[in-house]
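*Asks:* For reference, the chains in residue letters:
There are 2 protein chains.
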Amino acid sequence: MTVLTVGRWAAFSAAEREVMEAVFWERDVSRSALAAQMGYSKSKLSAAVSGLMTLGVLEERGVHASTGGRRAEGLGLSAELGVVAAVDLGATSLSVALLTPTLDVLSSLSEDTDVRQGPGPVMARVKALLRKLLTLQGLQEGAVLALGMGVPGPVEFHSGLLVNPPIMPGWEGFSIRDDLAGVVDAPVYVDNDVNIVALAEQWHARRTLQNFFVIKVGTGIGCGIVCNGAVYRGVDGAAGDVGHILVDPLGPRCHCGNVGCVEAMAAGPAIARAATLAAQAGESPLLAEWLHTQGRLDPPDVARAAREGDPVANAIIQKSGLLIGQMLAALVNFFNPSQIVLTGGVTRMGPLWLASIRQSVYQRSLALSTRHIEIRPSSLGEHGGLIGAGALAMLSSIRAESA
Amino acid sequence: MTVLTVGRWAAFSAAEREVMEAVFWERDVSRSALAAQMGYSKSKLSAAVSGLMTLGVLEERGVHASTGGRRAEGLGLSAELGVVAAVDLGATSLSVALLTPTLDVLSSLSEDTDVRQGPGPVMARVKALLRKLLTLQGLQEGAVLALGMGVPGPVEFHSGLLVNPPIMPGWEGFSIRDDLAGVVDAPVYVDNDVNIVALAEQWHARRTLQNFFVIKVGTGIGCGIVCNGAVYRGVDGAAGDVGHILVDPLGPRCHCGNVGCVEAMAAGPAIARAATLAAQAGESPLLAEWLHTQGRLDPPDVARAAREGDPVANAIIQKSGLLIGQMLAALVNFFNPSQIVLTGGVTRMGPLWLASIRQSVYQRSLALSTRHIEIRPSSLGEHGGLIGAGALAMLSSIRAESA
Numbered sequence: 001m002t003v004l005t006v007g008r009w010a011a012f013s014a015a016e017r018e019v020m021e022a023v024f025w026e027r028d029v030s031r032s033a034l035a036a037q038m039g040y041s042k043s044k045l046s047a048a049v050s051g052l053m054t055l056g057v058l059e060e061r062g063v064h065a066s067t068g069g070r071r072a073e074g075l076g077l078s079a080e081l082g083v084v085a086a087v088d089l090g091a092t093s094l095s096v097a098l099l100t101p102t103l104d105v106l107s108s109l110s111e112d113t114d115v116r117q118g119p120g121p122v123m124a125r126v127k128a129l130l131r132k133l134l135t136l137q138g139l140q141e142g143a144v145l146a147l148g149m150g151v152p153g154p155v156e157f158h159s160g161l162l163v164n165p166p167i168m169p170g171w172e173g174f175s176i177r178d179d180l181a182g183v184v185d186a187p188v189y190v191d192n193d194v195n196i197v198a199l200a201e202q203w204h205a206r207r208t209l210q211n212f213f214v215i216k217v218g219t220g221i222g223c224g225i226v227c228n229g230a231v232y233r234g235v236d237g238a239a240g241d242v243g244h245i246l247v248d249p250l251g252p253r254c255h256c257g258n259v260g261c262v263e264a265m266a267a268g269p270a271i272a273r274a275a276t277l278a279a280q281a282g283e284s285p286l287l288a289e290w291l292h293t294q295g296r297l298d299p300p301d302v303a304r305a306a307r308e309g310d311p312v313a314n315a316i317i318q319k320s321g322l323l324i325g326q327m328l329a330a331l332v333n334f335f336n337p338s339q340i341v342l343t344g345g346v347t348r349m350g351p352l353w354l355a356s357i358r359q360s361v362y363q364r365s366l367a368l369s370t371r372h373i374e375i376r377p378s379s380l381g382e383h384g385g386l387i388g389a390g391a392l393a394m395l396s397s398i399r400a401e402s403a
Numbered sequence: 001m002t003v004l005t006v007g008r009w010a011a012f013s014a015a016e017r018e019v020m021e022a023v024f025w026e027r028d029v030s031r032s033a034l035a036a037q038m039g040y041s042k043s044k045l046s047a048a049v050s051g052l053m054t055l056g057v058l059e060e061r062g063v064h065a066s067t068g069g070r071r072a073e074g075l076g077l078s079a080e081l082g083v084v085a086a087v088d089l090g091a092t093s094l095s096v097a098l099l100t101p102t103l104d105v106l107s108s109l110s111e112d113t114d115v116r117q118g119p120g121p122v123m124a125r126v127k128a129l130l131r132k133l134l135t136l137q138g139l140q141e142g143a144v145l146a147l148g149m150g151v152p153g154p155v156e157f158h159s160g161l162l163v164n165p166p167i168m169p170g171w172e173g174f175s176i177r178d179d180l181a182g183v184v185d186a187p188v189y190v191d192n193d194v195n196i197v198a199l200a201e202q203w204h205a206r207r208t209l210q211n212f213f214v215i216k217v218g219t220g221i222g223c224g225i226v227c228n229g230a231v232y233r234g235v236d237g238a239a240g241d242v243g244h245i246l247v248d249p250l251g252p253r254c255h256c257g258n259v260g261c262v263e264a265m266a267a268g269p270a271i272a273r274a275a276t277l278a279a280q281a282g283e284s285p286l287l288a289e290w291l292h293t294q295g296r297l298d299p300p301d302v303a304r305a306a307r308e309g310d311p312v313a314n315a316i317i318q319k320s321g322l323l324i325g326q327m328l329a330a331l332v333n334f335f336n337p338s339q340i341v342l343t344g345g346v347t348r349m350g351p352l353w354l355a356s357i358r359q360s361v362y363q364r365s366l367a368l369s370t371r372h373i374e375i376r377p378s379s380l381g382e383h384g385g386l387i388g389a390g391a392l393a394m395l396s397s398i399r400a401e402s403a
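Protein chains in written order, with the working numbering: chain A, 1 to 403; chain B, 1 to 403.
Careful, some of the hints might be misleading.
Computed footprint of chain A on chain B; a stretch qualifies when at least three of its residues, placed anywhere within it, have a C-beta under 8 Å from a C-beta of chain A [unchecked claim]:
id, region
1, 99-105
2, 121-135
3, 221-231
4, 331-339
In short, the hints are calculated from the structure, not lab data. Built from N, CA and C at the ideal position, the CB exists for glycine as well.
Just chain A, with the same shape it has in the complex (with noise of 0.2 Å):
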């Protein structure tokens, strides 16, 4: 197995990293493909290529079908270059896996927790569930080739640290990439899990999406953003915190000190506020049922009910999905995406909430700004954070960024 480590990846020359970058991106790909899409010579190409196969970085595939009278080979990453490692840390829950350079998932391991611990207890259960996926692989620890993780809080994409994350509260300023250092001889990146999930939204599009941003509603909201192909973070790092986007200069005062932002108004807790409010003056009997019966009512109660049509759930439902709908129209007569990619929990709440946003967008957008738009729920599996992770592990040590 040819382990690239940290000082390994930085060897390449920019013509090598170039092709590594554009078959990561195409998983299998023949060589005149490769070079057109690359501008390059076919000598030129052959050269890095050949110097890439030598390195064992780069493996013929099957055999592609061909427009002309040879068949022609296709490349890929090599399997042989190791595993990538990627950790996907929600506020509750901690999923770690196994992948290969291609990404696809070897194996991996999902349990409940409580980000709010803190990093000591957090971290080390990161470090056993890889050290199981590795001994479970029959594999060293000195076998990862990258590793990328996703959080639920702002991170300072250059250094890795965490800034200010209102939902973890003790990770302030902790390295992760210190922290993982000892565990694993290889680069080590963190991103916060929007910027992830549009990783892997471009990932899944094979780099056609070039211009879109991922918007996640759940606890809070936050939006990862793609724009000339490159996931973009801001001057500061702090790009898409929408959360405390203003809908409504009389809405209610939240938790950050302003009136009207939109996550107090539309996120989950506004949706389980409203309909807990609603069932307790008896507007729902189906909710206040609920209610008295759970202790509590939650987001998914509200689809639930509405489900079976309940038109207090409906109507709190479509409000959630008309305010973030007036902020995504602001968003989108500013950026003019080709997409709007909606993830996390609140997505679930059903069609109705889809369609709101959609009217919503439609009504206070500019006719130019939306004739091709596309809203839409994510279209990754349960794997997508994990996914994002790998391919934030393995185009960050690619392009040689700082780790």
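Since chain A is already given, all that's left is putting chain B on it; use the hints.
*Replies:* Same frame as chain A, but now just chain B:
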């Protein structure tokens, strides 16, 4: 004179283009600084520089102070290349200039116009002024190296066509590029006036501004976005069309059909209307007097009244600033820019307007996003639009964008 025609721009190698672009941004730069900045070896840089000097593209400039014992010769784009033609078309004004390849203004002409006359009469004036300037400089039309033009409406950048320009009736689908192709044998690039100002600001800062936006507030409100160092136009070229972002769900109806658009509540016409209503209602004796003598009130009247201490005028200016700031706060949370640059006629409302914008942005944006942000009026002088049009012409030609 070594004039580059449309075809000849395409003949440069990728390395030559990179050197040309770096020299363009720097104006006058030593070989060692250039090699360091571009990550080129001295030999690779020397080869590209020698080729470009032989072709007459680069020339030696003055002697630079050097840290070592040897003197460092500066390099710049050669004035022998030809002249850059720049056209700055506003709703009511037209300026045309000839610039050196390093964007020094050789001569310029301005006159009043009315863009609503349509392309025929307006473009005839563009051509007449261009010919007059060439004659004044003793040059043939063939001396023009590249032409850039800013227009007060949305442009589909790759085709150069105007798309549904609200204040330019009769221009829909008109090709300025084709119209000027018969006049100059050089690439022609067209963009909207706010993108042009963004480019001029970036040029002014020698490309140190990488992520920022320009807001133009006049009759309408528009935005020019620079993302990762490049003007960002969005998927349909509609990015930055922020005038119809909702700022008050209970606000007045806008000409677009929606209610509460920032343009309808805070741009020039809204300021004039608020002043007129206040004068008619007897709330401001000063404004009432001017309305009586002048027959109408315009934004400069409101600014003048504010300078004379009129409280109603001050309240009108403050409300405009607060609403624009509220809209900008949403964009700051989303985009986390290093700067917001204000331009357009309403910018001349004075310090209270700017202070109100700042207050609103600081109150409604996240602390991390506003830690380093600068909100300021454009620092470009009267030739800002022309410099931006010249920068568009040079950069697009160097990058061989389709023209």
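*Asks:* Hint by hint, note whether the structure agrees.
*Replies:* Hint-by-hint comparison with the structure:
1. 99-105: Our answer is that it is violated, as 0 residues pass the Cβ test (under 8 Å) against chain A, missing three.
2. 121-135: Per the Cβ count (0), the hint is violated.
3. 221-231: holds (count 5)
4. 331-339: Answer holds; 7 residues pass the 8 Å Cβ test.
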